[in-house]
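S.K.: Generate coordinates for the entire structure from the input sequences, incorporating the hints supplied.
Just so we're aligned: the first sequence equals residues 58 to 161 in the working numbering.
Keep in mind that the hints were calculated from the coordinates and are not lab data.
All figures in this text were calculated on a predicted structure; none of them were measured in a lab.
Using N, Cα and C, we set each Cβ at its ideal position, and we do this for glycine too.
You may find that some hints are simply not true.
Using C-beta positions, here's what the derived DEER-type ranges look like [claimed, not checked]:
(1) Gln67 with Arg157: 17 to 25 Å
(2) Pro78 with Ala135: 15 to 23 Å
(3) Pro128 with Ser149: 29 to 37 Å
(4) His158 with Gln67: 24 to 32 Å
(5) Arg98 with Ala75: 17 to 25 Å
(6) Ala135 with Gly92: 29 to 37 Å
(7) Ala75 with Pro108: 17 to 25 Å
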Amino acid sequence: MTDSELGLNQRIWQVVAAIPPGRVATYGQVAEKAGLSRAARRVGYALRGLPTNTRIPWHRVVNSQGRISLPEGSKPHATQRDRLAREGVVFSATGTIDLRHHGW
DNA sequence: TACTTGACAGCAT
DNA sequence: AATGCTGCCAAGT
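M.R.: Shown next as C-alpha cells:
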C-alpha cells in the first residue's frame, strides 16, 4: 500500500475520530484539518469506503449547509440522523442542523 | 493511458 | 436564490 493511499484515508479517519460527540464537522473542515485544504470531495469518498461496523464516527460529518449528504430516505441517511439525534444534535423541520450551535 | 464519477465547497454569473 | 465552473484526489470504466 502506498503512502498516498493509506496516509490520506487514515489522516481523514483520524480527524473524523477526533470530532467530539454531539458536535458535527463539515467535509471541508475535515479536509482542512487533514491537511487537504480543499479536498472535501476526497473526504466523502474516504467515508464512503468505511465498513459498516467501523468505529469511526462518520455520522458527525455533514455538508456545509448542515445537511446530511446522503440520499434522503436511504438507510445510511436514517442511521446518520438517528445517531446524531441520540447525541443531542437537533434537526430542524426541514432536516437541517444548526451549525452555529453544533458546529465543531 | 485517458476520461468520468463522487458522502463537497467556494466563488462567479 | 439558482446554476455553473473549478479545485481536490482516488477509483472505476
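S.K.: State for each hint whether it applies.
M.R.: Against the structure, the hints:
Between Gln67 and Arg157 the beta carbon distance is about 31 Å. The supplied range of 17 to 25 Å is therefore violated. Evaluation of the 15 to 23 Å hint for Pro78 and Ala135 yields a pass: the beta carbon distance comes to about 19 Å. A C-beta distance of roughly 19 Å is found between Pro128 and Ser149, which places it outside the suggested range of 29 to 37 Å. Look at His158 against Gln67: about 30 Å separates their beta carbons, and that is inside 24 to 32 Å.
A beta carbon spacing of about 21 Å between Arg98 and Ala75 agrees with the range 17 to 25 Å that was offered as a hint. The hinted window of 29 to 37 Å between Ala135 and Gly92 holds, with their beta carbons roughly 32 Å apart. Between Ala75 and Pro108 the beta carbon distance is about 20 Å. The supplied range of 17 to 25 Å therefore holds.
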